[in-house]
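Keeping the supplied structure of chain W fixed, place chain C upon it in accordance with the hints.
If you're matching them up, the sequences are chains W and C in order. Be aware that the first sequence starts at 37, since it is given in my numbering, and climbs by one per residue. Be aware that the second sequence starts at 25, since it is given in my numbering, and climbs by one per residue.
The set of hints was computed from the structure by calculation and includes no laboratory data. Keep in mind it's a predicted model, so treat the numbers as computed, not measured. Heads up, a few of these hints could be off.
Claimed, not checked - Each computed DSSO-like pair below joins lysine-lysine, with the alpha-carbon atoms no more than 27 angstroms apart:
#1 C:K489 <-> W:K884
#2 W:K884 <-> C:K153
#3 W:K867 <-> W:K835
Chain by chain, the residues:
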Amino acid sequence: NETYGQKTKITLNLENVSIENVLNKIESLTEFKFMYNDKEVDYKKIVSVSADKELVTTILDRIFSEMRIAYEVLDKQIVLKPEKNIPSQTKEQEKKVEVFQPFKVSGTILDSDGSPLPGANVLEKGTTNGTQSDFDGNFILDVNGPNAVLVVSYIGFTTTEMAVNGQTNVSVTLEESATGLSEVVVTALGIKREKKSLGYASQELDGEQVSAAREPNLLNGISGKVAGLQITNSPSGLGGSARVSIRGDASLNINGNSPLFIVDGTPISNEIVGSSGSGTQDVDYGNGASEINPENIESINVLKGPAAAALYGARAANGAIIITTKKGNTKKGQLGVSINSGITMENVLLLPDWQNEYGQGNNQQFAFVDGSGSGIADGVDESWGPRLDTGLMIPQFDSPREDGTRGGDYLVSNSPIIPTPWVSNPDNTLDFFNTGYTKTNSIAISKSGDLGNIRFSYQNLDQEGIVPNTDLRRNTFNLNTGLNLTDKLTINTNVNYIKSDSDNRPSLSYGTESIMYLFIWYGRQLNTNSMRDYWMPGRENLQQFNYNYNYHDNPFFNVYENTNSQNKDRVYGNISANYTINDNWSLMVRTGRDFYRDLRTKKRAFSTQRFPLGYYREDNVFFEESNTDFLLSYDKTFNEKWNVNISGGGNQFRQKQEYTQTVAPQLINPGVYSFNNTRRPLEVYTNNEQKRINSLYGFARFAYDNLLFLDVTGRNDWSSTLPTDNNSYFYPSVTLSAIASDMFKMPEFVSFAKLRAAYAEVGNDTDPYKLSSFFTNETPFGDNPILTESSLIPNADLKPEITSSYEIGADIRLFQSRLNLDATYYDGRTKNQIIPISTDISSGYTSKLINAGEVRNYGFEAMLNVVPVRTENFSWNTMFNYSRNRSEVTDLGGIDYTLTERNSVFIQAREGGSISAIYGRGFQRVEDENSEYYGQMIVNNSGIPIRTDDLVYQGDYAPDYTLGILNSFKYKSLDFGFMFDIRQGGIVVSRTKTIGSTSGQLKETLEGRETGIVAEGVLETSPGVYTPNTINVDVRTFNNRYYERDNVEAAKYDASYTKLREVTLGYSLSKKIIDKLPISKARLSLTGRNLALWTDNPHFDPETVSVAGGTLQPGIENMSYPSTKTYTLNLQIDF
Amino acid sequence: AFMGCTEDFEEINQNPNFPEQASSELLLPGVLRQMAYNWGDQGWEEGFTVVQYGARLQFTSGDIYQWSPTSNPYNDAYDGLRDIENIIRDTKENADRQNYYGVGLIVKSWIYSYLTDAYGDVPYTDAVKGISDDNITPEFTPQQEIYDGLLADLKTANAVLTGTQNISGDILYGGDVLKWRKFANSLRLRLLMRISDVDQSKATAGMAEIMGDPTTYPIFESNADAALLQWNSDNPQPKYNTRSGSFDEVRLSLTLETRLKDLNDRRLIVYAQPTSNSGKGIYSDNLDDYVGMPNGLDDEAALGYSPTGNPNEVGSNFISRIGILLACRACNVELASPTASQTIIMDYSELQFILAEARERNFITVGDAATYYENGIRASFSYYLDRIVAGGWNEIAADLQAFDLDAYIAQTAVAYTGTSPEKLEKVALQKWIALFYTGFEAWSDWRRTGMPEVIPGPDAVNDKKVPVRFQYPNSVKSTNNANYQQAVTRMGGDDLNTRLWWDVASNN
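So that you can see chain W by itself, here it is in the shape it has in the complex (with noise of 0.2 angstroms):
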């Protein structure tokens, strides 16, 4: 007369879940209902279950072996109720336990932070009597007498001893393991996986890691953290743009080469609208990953490879960034609330190096009357002036006049100018910049139930820029929930506001607009302080007062009346349902979006040089993008060893950018920036694009015995923005992951060995409207409109790009996991990449899209873990993030391709060269190798070097390798770290070389001031016959020659460095002081930033990228702010 119970045999598989969850999934294979009293039984425990074909009984009776909980089968009815007796168990324990002299431990298991871990493993050793950690972290055990020892487990800590020592209470830190050998990643479509089943390289961060550096923008903060990662910030400060690319650049488009961002499973915006144009310059309004909080990031995994990202799609070729937020997480019913304040304080890293000798003026002359040429010269901005405190009294614009004006006031008084002393002013570009401050505030609330968890977010940051008048204010809204709504169906969403607003944000690159443009010709005697007051008396509003008035701009000026202002509002979530089928089957279905709108104004005051009727500008940015996708999978494990996963999804991707620009050209009134107060026809341009990708994909997973993984993968998208017969595009990968240190044996010290191969192709489309031509529409002139033929030349045969890539890795971790390796070499090719080649105007285009050429990228990337130091109270970790990247071009079809040009420099693709190869004009040398001249620049008959006409290789902007290195020290509740970010090779051309010479503001342009030049080189007095140059030219003249404006080579530097990136040293509050508190956690930091930078020029961080029209270029420095170093103060509460 069997039961139901007898005869009903179930399959299951569950890690980690509460007793709750396992009675559930029963309930939810089998007809039967559990009866139980929630105060009788603790029913989040937390347990693992495994079994294949096994009756419900014997499972019950394994999982209730130790938790004296008897249960009784009443037909289809299970009660569950507390055991009477001592532990039920089996014959032969239960005999050890009648010899046992009962002791009960009880204790609490925490992780090195202090906080609880919950489903730890606690067993006596020696035996099998054990027991798990509650949610608070906390067990009762009974152990065999006083002298028992534990053992404590947990997945991803170290496991360790404890003796008993006759402590009925005891507490036990587990330190976390270095091996991570049971890590669990999250990978493409946010599958989790364990991370030794992976066939590709990937590397993971956790949230503390990210929002150490507390960093405005998040990118910035993860910089050198990861090996291949390459992250470069715009010149701009203030959330500025940061360049990231993984394993340097493959992609023809320079723009192309951003890795995917994910949040939760959804793609997010990383775009950079570009708002330059009209004759305003460019402002950098920040990439769209930059905006995500820290501190609300749970992890990030950086998919490096096709490979990993095969199944996001083109936009991953370049690899992806994952990153999980964190989710409500607490004790049952508790509220956790924990309270982040930090405050961060900005300075000047490094600004050029200037001369402090000379002062304005030429050929030693100088005398102000009207800063327009009326006095001497004192229209120019140039530095070739009398030289400074030797007594000289000079009129100056900031000299008094005799009635009290100032010299710079010439408009509203020609009363003389009483000369005052003619004095150097070292710091006159320090004293603008201020110091920056940043206040971040955030708190978050969550809470854990029955029904789900929710946690919510609120961050508000407050940021001063070291720039006069400009900011940056965001508040950022998150909300997480997690809702199941029975067994088999949960619900996630993930919802994020975040509102940006600037009141300005500093004008880039070469211009009246920009700072660093002034300060390149600012006269080097000149007092800054006396430029505070900025507007001529009587004329506020109409006319600045300023110390030229041919060229420029007052600077504070500048950065108080001309504006550029931002207010964005952007939301993103997503939204997801999963649904257990049964046991092998499983449904998820997901949309997400994200958009924003991004409103931008620029004004621009009356005298403004390049505006002097003024100007207002509007830029009004919709961005808007959603996937909705979904996800059936099949999971079976077959004889114990096998482990099949069969998945297949599909993807709908929309995308539609509205872009309008308004621009009121002069103003009627000054001050009153409306469109009502134009003086001119409003002029209008907008651009609204959109795109679609409907995508089909799917992959199997196979496991054996734990030790072997291969996965498939395969993809078809279908873009709109290609020709209807080339629209469709399918493309495969394949991964394998093999644990060697498992299938062989392997020398004691071997504590893990694993090897993984992956082959992947990814395609690619383009954007929109590039497959026919059409006529864009300009100024009209008077009553008649204008339109133009664009002058690119369309394709309407376009086909996918290609990228195909393999590479291979292993993960090696020796003594105990004390130094730890994981390398890969990786190569790929990008075949029939879409770029707009440059035609020769004369064909009527300037460009025209073809599909050309192959890039060969491949490298090598490495990151080594030790740990040098490993005890109770200290310990030392040292992890080495290496990375070297080549991109080659294979095959271009014969041409020399531009990918950006910018200054005469330009990043040109040649077959055989590199992508990211500088070319530009250089020094004319003798190229007779016979010659004991061999190599000498040749100088023509004024004793100038010549340039050359044609573009010369100068070099690579990438860099031969990177590496970081970072190092933390822990002292009990003390921890210490810093990290060096070290870049080796590339080189950088500046701007601000090139200007700075030919205006005798840098330090070097004071050789020759009194005597002349006479330039290193050799004449050529008839063909091929050279004698050294003697020529003695004057230092102004040699200076503007040497360093014309096109000439790469005088303005090439190396672009090595090494910089102190981060020192960050904490102090968290014991577990017995917490204990006494209302709190759970308490954390007090001290991080540096950027305090140090060992590089070979004086003048300027080489770690910039200029940023044109949306365009962030490496390789040119192009009048970039100076660095800054930072120091925040930070405080975190936990309840």
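For chain C alone, coordinates are given in the frame of chain W:
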């Protein structure tokens, strides 16, 4: 079913922002504006100093012939020609649109003549066929063949421009077909004169054809017919929006000052302003207040130049700015004008000087050289008086009005007397004065005739030679190198001193 989702992809990929078609009247004004602007702006940058109307006070590299490969007019010309070829393609076979076809041919001819006179051989026969013929590497056409094409096109334009249909978008002549024909034939005379030293028979035949049949081949009859772009306040004259510093880098040249003062030529008060030091503002009745500086000084020397030799009187205060007619707004907020200065593509006085020379050299038999010559001088004075009145600069206008032009013309140095070479020299000098700020025309004339003389400044490089052409833009070497090399070989180098096909006179 899933594939069905891609059905609307073509629609999604339709550009919603811009049309795929544009009619001729929408394309024409943009090209005229761009090329007139370029002609003025580029003329200022190089043409203005190379023939020594202006001299550089600062950033003197252009003035000492340290020229880099020059991307303009190359870029702007072909950018405009793209739309001109669209006009020609759309209207050539359309009987109702022949006026646009004719205007298209004239504008094309002017642009190409500007282009080829700057560089020499340029892509012509195969040019602007990037989409239509899928040709992105056009061959360079020898200059002689380009001239053949331009002269033929101008003749065709004159022939097809007979319809009565209105021309819209015509910002040059407001749709006046007859004036376009006059421009076509006058321009043809300019080009015929240009090639007269290298192919005299062709030049004289062409000139005879035009001058022999004024009904079929009307030419400019007064200043009212001239090809001038009248700017408006939204599209101000090319120098109007420059920074004052940039405008002031170019100053009155000593050459222009001397030549005008030698003739007591009052156009000096239009072409230049009194020095700041004189305190006279934009006008002085005393020509001594107008002071120029030498061309071809290096930066140091230029900034340190003293017209009086007194070391305390150096710099911009003591050297005249270019006249208020061209001045930028920031240079003189109250008095500068966005519209008084027109961009002169070709004017009546130039044509009269061409005819004077042609008659003097017996290329034509119609008319009287002295009359043409005198017409040219009077037209130039009258034109500048009009512009000064338009700008509202009354003192200057009054001075010009009071000027005794008859006496001016009667003086020996001006009067059409002397030997034929002397007369030709006078024509050249007067033409040079009249061509002030007319793009590159004075430079082209100097290259052809060597008159009036250009003496390189003391710090000139380029072997102390006046450049006779531009170097091709650097971009051509990377985008069309094989054809570039072929052209360079044919021309004998891509050098500032490489002579153009028509430049055969023994000057320079």
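| field | In rising order, the numbers of the hints this structure does not comply with | value | Going through the list in order, the structure violates hint 1 alone and respects the others.
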